[in-house]
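Student: Guided by the hints, dock chain C onto chain G, whose structure is given.
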Amino acid sequence: MKRDAMLLVQALRDPASTRSLDAEGLTALIAMARAEQLIGTLAYRLADEAVPPKVADILSDARTNAEYQRRSALWEADCARRALADYPGKVVLLKGTAYVAAALQAGEGRHIGDLDIMVAREDLPQVEALLLKKGGWEWVKEDAYDDSYYRDHMHELPPLIHKERDRMIDVHHTILPLTARARPDAGAMLAEASAIKPVRPEPVEGRVARTRASTSSARTDQLCVLSPQDMVIHSAAHLFADGDLAGGLRNLWDIHCLLTEFDSANFWTELTNRAKHHQLTEPVARTARLGNHLYGTKIPKDWQRWNARDKWYIRRLTARDGWGRPTRKFICLIFYIRSHWLRMPPLMLARHLFTKWRKAKDKK
Amino acid sequence: VHEFRVQVGPAAFRIGSRWAQPVAQLASLYADYPKPDIADFTVRLDAPSMLRRFVRRQVAIDGDYMLPDAVPLPFGQALLAAEMGMNLQMALGWRRHLLLHASAVEREGRALIMTGLSGSGKSTLSALLGNRGWRFMGDEFVLLDLESGAAVPFPRLISLKNEAIGAMQATVLDGTFGPLMSGTPKGDIRHLVPPTDAIVRMAEPAQPALLLFPRFGYRGAVREVAPGENFMRMTQASTNYVALGEAGFKAMARFIQTVPARAIDYQNGDEAIALVEKLWERLA
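From first to last, the protein sequence lines stand for chains G and C.
Quick note on the working numbering: the first sequence kicks off at 1 and runs consecutively.
Quick note on the working numbering: the second sequence kicks off at 1 and runs consecutively.
Honestly, I wouldn't trust all of these hints.
What the hints assert, rightly or not - Subject to a maximum C-alpha distance of 30 Å in a straight line, what follows is the list of computed DSS-like cross-link-like pairs (lysine-lysine):
(1) LYS133(G) x LYS163(G)
(2) LYS163(G) x LYS35(C)
(3) LYS35(C) x LYS54(G)
(4) LYS298(G) x LYS197(G)
(5) LYS276(G) x LYS301(G)
(6) LYS356(G) x LYS141(G)
(7) LYS163(G) x LYS359(G)
(8) LYS141(G) x LYS163(G)
(9) LYS54(G) x LYS250(C)
Simulated from the structure, these hints should not be mistaken for lab results.
Bound-form chain G, shown alone (with noise of 0.2 Å):
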């Protein structure tokens, strides 16, 4: 049995690599990709490789429900889009819904679950009158402390979900809590921030679906995305300066795909700048070093310094068996811990964690 998710990083990183898989290998490749939410991103991987006929048809039907995850991202985004027909700013598609609406590399197979949107922080009032109000969106839960720690120390609404769809939709102002150390600058993202082209879907021959641009829509200027150098940066500071890690593998095969499609003279250098004024270098340059050491993506020389700890990130995005379970406990917890840390300075995680203990305890 495989020890570790080397198997599917190998297997993303280069197909021809799941030739030499026994069944026993290709069993255990398919639940560490379902697990790791990228068998889609694999099925699109392996469109052109000789596999038995199980594993075709196993693919196969990954594909058919990343283009079904795909068609209903991009409904989502067209729902929103018209409940905030009346809001004059720009609405900002982040994450899987942006690549697949930007008709991104990293968008193909992606696994897609909530829907995630930016907006200016002094509009949320608005946007969030109009969601509830004209989308049909409503409060998923309501707790008082939960509802005002989002406000005051997020960077993001709470959760709203579908009255009707069952779909959710994260309203975000910035990409990192407020009280994380990084305060990146929102405002300039929203700025750079670029119209997509109005998409419909339309898979090409059964195979790679892919958007097209069509020009008939009454607005066309109000759905964006963010610049290239954001997009990576935001996917950067989503993985090392707020979650655990969890999910990593993904996040991080998002970012290769787009430094590998975004890779152009000048990209590297407004890259180093944009981060910088972001105050996310660290989590940007690990970023790219990570993936140049598991993904093999294309990184300037002097991206390349290896740094001691990297091993310790390896060891837990890679920590997952051929049955699909997470493995390497404690390295998971002290990423987590980590998380935490990171996201609050001590004497708030504390009262943060007695306010939680105590409820849960009311709560028995």
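Tutor: Frame of chain G; chain C shown alone:
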């Protein structure tokens, strides 16, 4: 990890268990089924916490596809947990066919499909018919081929509930039954191994010829089901209709347009079987 593999219709499962007992139960009940090498789906049976490995042991259902708030089952219901895990993988992950929550039996190459809510008796009826000259195709899912419209069998263990257990024990005297599990979320449950021909011929599809919506506990009656109502009910009975997009719509539309549908009410098995035979003769 104790491991077990089984092929049911077109789907191959790998089941991993912390304990030997559930795997031994599965191995004996699925003894006549093929054992695949590459699995479509992985199901895992594990303790929900360290404590529940030892004290009042519990089984959590885990696998490739999971429900976020699935409740663990007591250890005595581990076999049920495995079956639920396999069903869950199909319901959430299968995209090769239009998947209908229905039972089916076959005669002369043509399929009778029965659908309805839990308690409608579709599972028991398929089991009864499977012992009276029909080939049992499945009591939980029917898979419709997206191109040909044929019904593909999924003959997993028959899941008998409450009164159906006694009724089937009286009918199938030489049947192989699993352990009786009482106090499950759905009452008493006992599994029955399908008839041999159902297992031997599990790769053999059949063209749908009649669709029934049975309802148990009402005075005998037959009602036509209009295409509009039929379509709405069947989209609700399918777990992957939306995900399949246009292919799903086409397969569903063809099914509704070509297969006659009736709702039947009945109060006991013999009455239901007489109704089914009569309708089959007239419509199929």
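Student: It remains to establish, for every hint, whether it holds in the given structure.
Tutor: Hint-by-hint comparison with the structure:
1. LYS133(G) x LYS163(G): 12 Å, holds
2. LYS163(G) x LYS35(C): 44 Å, violated
3. LYS35(C) x LYS54(G): Holds, because 14 Å separates the two Cα atoms, which is no more than 30 Å.
4. LYS298(G) x LYS197(G): 29 Å, holds
5. LYS276(G) x LYS301(G): Judged against 30 Å, a Cα distance of about 19 Å means the pair holds.
6. LYS356(G) x LYS141(G): 15 Å, holds
7. LYS163(G) x LYS359(G): Judged against 30 Å, a Cα distance of about 27 Å means the pair holds.
8. LYS141(G) x LYS163(G): 13 Å, holds
9. LYS54(G) x LYS250(C): Roughly 25 Å separates the two Cα atoms, so the pair holds.
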